[in-house]
Amino acid sequence: MKISPSKIISLLFFIFSGFYLYTAHQIQVFTFDENAAFNAKTFPIYLGYAGLIFSALYILLPETRLSNVDLSVLDYKKTITLVVLMILYGLTILRVGYFLSTSIFLVLSYIVLGERKWLWIFLLSFPFVAIFMYLLHGLLNIYLRDPFLQYIGVMG
Amino acid sequence: MIEGILIGLETAFSLKNLMMVMIGCFAGTIIGMLPGLGPMTAIALMIPITYGFEPSTGLILMAGVYYGAVFGGSTSSILINAPGIPGTVATSFDGYPMAQQGKAGKALAIAAYSSFAGGTIAAIFLLIAAPSLSKVSLAFRSPDYFGLMILGLTAVSAFSAKGHFLKAMMMVVLGLMLASVGQDTLSDIPRFTFQNMNLSDGISFVLVVMATFAMSEALTIIFKANDPTRVAKQISLSQLGSIKLDKNETKKMITTIPRSSVLGFIIGVLPGAGSTIASFLAYGMERNFVNDEEKQKFGKGSINGLAAPETANNAACSGSFVPLLTLGIPGSGTTAVMLGALLGFGIQPGPRLYQTNPEIFWSVIMSMYIGMVILLILNLPLIPYIARVLATPRTFLIPLILFFSVTGIYLMSFNNFDIYMMIGIAVVATILRLYDFPMPPLILAFVLGGLMEENLRRSLLISDGSWSFLWDRPLTVVIMLTITMIVTWQIYTSFGRKNTKM
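Residue numbers (our numbering), protein chains in the order written: chain A, 1 to 156; chain B, 157 to 658.
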């Protein structure tokens, strides 16, 4: 028996709703609020049940419209690499600083996606980020933490 | 009302705000033109920037972006048969054939004039309807608001999900669940924070919008880059032809525009319906109005067939502001994003906005009209140049969208945790979108979550825990009956029709 991916997602949502409902019941409310008509856990409990009902309906009822996705044409390699690059970007943005981490992220992303026009790759990374930073930091007074630029003395 | 209009004009015509409308329209056109990126993405990318401005300026910028993106969507529909947004799909039915016949300039001009006329007529309707509706909506109480919110969510799920009603309802629940993370507004009790301090303030609205729209759009484009069904047919962008219309063409447009505007505005006001349904209905209606000879031209480059959906989708955009400004309840995904931005400014839209912040209320309405004028005088002559954006390689475009998304959330929190959470939500959203789980209901639910809980709390406390508040007042009964009708209709269309086929 083949189960459609949408039903698998609904099953995962059913499990998630069950976990949500369990956690909702664990919310600690004030003693005087315990038997109130409405307290901090009332709405989440309703939501948990709603999630269970809708996902169960989807799993049990026949699918009238199938979502046909040809998995063979999807580009997993580039998508996963981009996600990994974003995670690394998030990891370095505070430690290395905005300028360097953003510029390197952009350069690597362009290359991953197959771009080989090196002049454009350079222009749309380091100078582009520098101008963007100037607009934010210099003109709009939005603070940007950058240990690297502070270390080399460009930023105060 | 005249006083209000004057206040709105004064605010909207300040140099700074005029600049914002221009920048908004321009940026919106460029973003909206890129296939796959619609007004919601465009507005989401603008939100972090708007928080540096006054509320009225921020909203004016977003309104400009909204109209610009809708116009941009039409441009890509006409030139490369790749609608930037669902609302401009009907535009491509006759716009793209015209472009193939070497009349791309003319098609773009018809789209621009129709958008302008539709938007203008609808803005006038909005000007008249919004203040009157604001007064009427003062009669609404908590149970009515609670009912209206459920109605909005059900309607968006029913109309925007293209037959995937249950999937949309799951997304509604997921949006409400995400909104429930953080401290309870009344008791300050932490909920679903798992003792993580980063979650105690809840999940940021900007984070969810960026993740589910900007970031997941970008990832979806890369994910489906090799999908042969998504390859757009390119026409020459350097030879668009004349943008001048002759008498006969103008005459055809004049008859189409008024009826499509009225239809578009009415559909736009209805929660959930929005510009997509308005444009398709207007296209269908126009086909019934024209003579047999003209009817044959539909789908092959008919002027009426192009003008009708373009007029209606712009009119619907203005119409969708009516429930947002008068009731504080957005009727579409895009206005939900705008509601989130308003709440971020500390402004609660609704019947009292008209009295408490008249400058915001009126300046938004006035800036819509100014936006239309700017779109017409700025974009039309610049179309041959702006159209070159369509040639921007994805290799540059996608990293820049991802960069703006990460920067947007980083600037708001300076926190790695938010970046990781955004990436996580974006990955999940990308998978969900792949299998037709729609995102607009999730956003609408996320924005309405807090308000919905507050109104349910009030209703239940007033009725001493009884659910009788749902049928105590005639207004609530009407709202609940409408919800029942929508749900029943959805069940019938999903299962009833299938069974009859069998």
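A couple of the hints might just be wrong.
Stated by the list, open to error - No farther apart than 25 Å at their CA atoms in a straight line, the calculated lysine-lysine pairs in the DSS-like style are these:
#1 B:Lys453 / A:Lys78
#2 B:Lys451 / B:Lys403
#3 A:Lys77 / B:Lys380
#4 B:Lys451 / B:Lys380
#5 A:Lys117 / A:Lys78
#6 B:Lys408 / B:Lys456
#7 B:Lys380 / A:Lys2
#8 B:Lys380 / A:Lys117
#9 A:Lys77 / A:Lys117
#10 B:Lys456 / B:Lys403
#11 B:Lys453 / B:Lys400
#12 B:Lys400 / B:Lys456
#13 B:Lys453 / A:Lys7
#14 B:Lys453 / B:Lys380
#15 B:Lys408 / B:Lys453
No wet-lab data here; the hints were simulated from the structure.
Discussion item. Tell me if the straight-line CA distance from Lys117 of chain A to Lys78 of chain A falls inside 25 Å.
Written reply: Answer holds: Lys117 of chain A to Lys78 of chain A is near 18 Å, not above 25 Å.
Fill in: Restraint status (C-alpha distance of Lys453 of chain B to Lys7 of chain A at most 25 Å)
43 Å, violated
Discussion item. Does Lys400 of chain B sit within 25 Å of Lys453 of chain B, going by the straight-line distance between their CA atoms?
Written reply: 20 Å, holds
Worksheet entry | Satisfaction of hint between Lys78 of chain A and Lys453 of chain B, Cα-Cα up to 25 Å | Between Lys453 of chain B and Lys78 of chain A the Cα gap is close to 43 Å, so the pair fails against 25 Å, i.e. violated.
Discussion item. Between the alpha carbons of Lys451 of chain B and Lys403 of chain B, is the straight-line distance 25 Å or under?
Written reply: 20 Å, holds
Practice prompt. Sort out whether Lys380 of chain B lies within 25 Å of Lys77 of chain A, counting only the CA atoms.
Written response: 12 Å, holds
Discussion item. For Lys456 of chain B and Lys403 of chain B, compute the direct alpha-carbon distance and say whether it is at most 25 Å.
Written reply: 20 Å, holds
Item to complete: Take the C-alpha atoms of Lys400 of chain B and Lys456 of chain B, compute the straight-line distance between them, and say whether it is at most 25 Å.
Response: The given pair, whose Cα atoms are some 20 Å apart, holds under the 25 Å limit.
Item to complete: Could you grab the alpha-carbon distance between Lys451 of chain B and Lys380 of chain B and see if it respects the 25 Å cut-off?
Response: 36 Å, violated
Discussion item. Can you confirm whether the C-alpha distance between Lys408 of chain B and Lys456 of chain B stays at or below 25 Å?
Written reply: 16 Å, holds
Discussion item. Hinted pair, alpha-carbon criterion (25 Å max): Lys380 of chain B, Lys2 of chain A. Please report holds or violated.
Written reply: 24 Å, holds
Worksheet entry | Pair hint Lys453 of chain B and Lys380 of chain B, alpha-carbon separation not exceeding 25 Å | At roughly 34 Å apart (the allowed maximum being 25 Å), Lys380 of chain B and Lys453 of chain B break the hint.
In the structure shown, a violation is registered for the earlier hints numbered 1, 4, 13 and 14, in ascending order.
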